[in-house]
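Student: In case you want the letters, here they are:
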Amino acid sequence: EAQVTQNPRYLITVTGKKLTVTCSQNMNHEYMSWYRQDPGLGLRQIYYSMNVEVTDKGDVPEGYKVSRKEKRNFPLILESPSPNQTSLYFCASKMGLGHQNSPLHFGNGTRLTVT
Amino acid sequence: AQSVTQPDIHITVSEGASLELRCNYSYGATPYLFWYVQSPGQGLQLLLKYFSGDTLVQGIKGFEAEFKRSQSSFNLRKPSVHWSDAAEYFCAVVASGGSYIPTFGRGTSLIVHP
Numbered sequence: 001e002a003q004v005t006q007n008p009r010y011l012i013t014v015t016g017k018k019l020t021v022t023c024s025q026n027m028n029h030e031y032m033s034w035y036r037q038d039p040g041l042g043l044r045q046i047y048y049s050m051n052v053e054v055t056d057k058g059d060v061p062e063g064y065k066v067s068r069k070e071k072r073n074f075p076l077i078l079e080s081p082s083p084n085q086t087s088l089y090f091c092a093s094k095m096g097l098g099h100q101n102s103p104l105h106f107g108n109g110t111r112l113t114v115t
Numbered sequence: 001a002q003s004v005t006q007p008d009i010h011i012t013v014s015e016g017a018s019l020e021l022r023c024n025y026s027y028g029a030t031p032y033l034f035w036y037v038q039s040p041g042q043g044l045q046l047l048l049k050y051f052s053g054d055t056l057v058q059g060i061k062g063f064e065a066e067f068k069r070s071q072s073s074f075n076l077r078k079p080s081v082h083w084s085d086a087a088e089y090f091c092a093v094v095a096s097g098g099s100y101i102p103t104f105g106r107g108t109s110l111i112v113h114p
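For the protein sequence lines, the chains are A and B, in the order given.
Numbered by the numbering used here, the letters in the first sequence go through residues 1 to 115 in order.
Numbered by the numbering used here, the letters in the second sequence go through residues 1 to 114 in order.
Please keep in mind that the hints were generated in silico from the structure rather than gathered at the bench.
The structure displayed is predicted, hence computed values, not measured ones.
Be a bit skeptical, because a hint or two may be false.
Label pairs and their in silico Cβ distance ranges [unchecked claim]: (1) A:Asp56 - B:Arg77: 12 to 20 Å; (2) B:Gly16 - A:Val52: 45 to 53 Å; (3) B:Pro40 - A:Thr20: 23 to 31 Å.
The beta-carbon is built from N, C-alpha and C at its ideal position, and this holds for glycine as well.
Generate coordinates for the entire structure from the input sequences, incorporating the hints supplied.
Tutor: Following this line, the structure appears as structure tokens:
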């Protein structure tokens with residue numbers, strides 16, 4: 001089954017403790033992206049990747065890191081989480097260049113709470 | 001750069017009533033347009049998309065949307081809403097002649113009363 005898998009679904013942590021949220025897709029998609037969703041603000045893009053070893057900042061990249069060492073994986077790293085990073089996070093993927101009309105496929109989300 | 005506006009933050013309808021969710025975009029040429037639905041506790045799922053041809057597109061779950069170039073709109077409709085349609089709905093646009101990075105509207109929360 002074609003899917004985007006995020007782990008964990010729920011995460012509670014303390015300020016400053018490094019964490020990683022994993023994302024994996026099995027559709028051979030070139031493009032992958034991370035979003036955060038907050039009430040009243042919709043989806044805001046954190047980072048995206050056009051292909052392996054190619055990443056770029058989205059609208060709200062501060063406090064986050066990503067890597068794209070393999071096509072299927074795109075982990076989101078919070079080196080020193082702060083309470084303002086408490087949010088619902090989504091990973092998504094789609095076909096890349098030349099496929100503008102292909103839709104995004106989303107994971108089921110990771111709800112992160114930073115105390 | 002393209003932008004998307006969903007003017008309604010919340011919409012409340014009664015079960016069985018018709019529904020229209022508004023979406024307006026800003027882009028110089030004809031973009032690719034998408035509607036996604038987010039059910040509680042779930043990720044976003046594609047409802048329908050438009051990229052060329054017939055301006056009335058059909059999607060899953062009985063939804064349809066109409067592209068109106070003159071109004072820069074891509075409104076989502078359903079003739080009879082079911083309680084299970086209660087969800088968050090997002091409109092998104094992709095520039096047809098450039099970056100394929102989608103831009104999302106802020107979403108419309110649909111509340112369905114029995």
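Student: Evaluate each hint against the coordinates.
Tutor: Results for each hint:
no. : hint                          : in the structure
1   : A:Asp56 - B:Arg77: 12 to 20 Å : violated, 36 Å
2   : B:Gly16 - A:Val52: 45 to 53 Å : holds, 50 Å
3   : B:Pro40 - A:Thr20: 23 to 31 Å : holds, 26 Å
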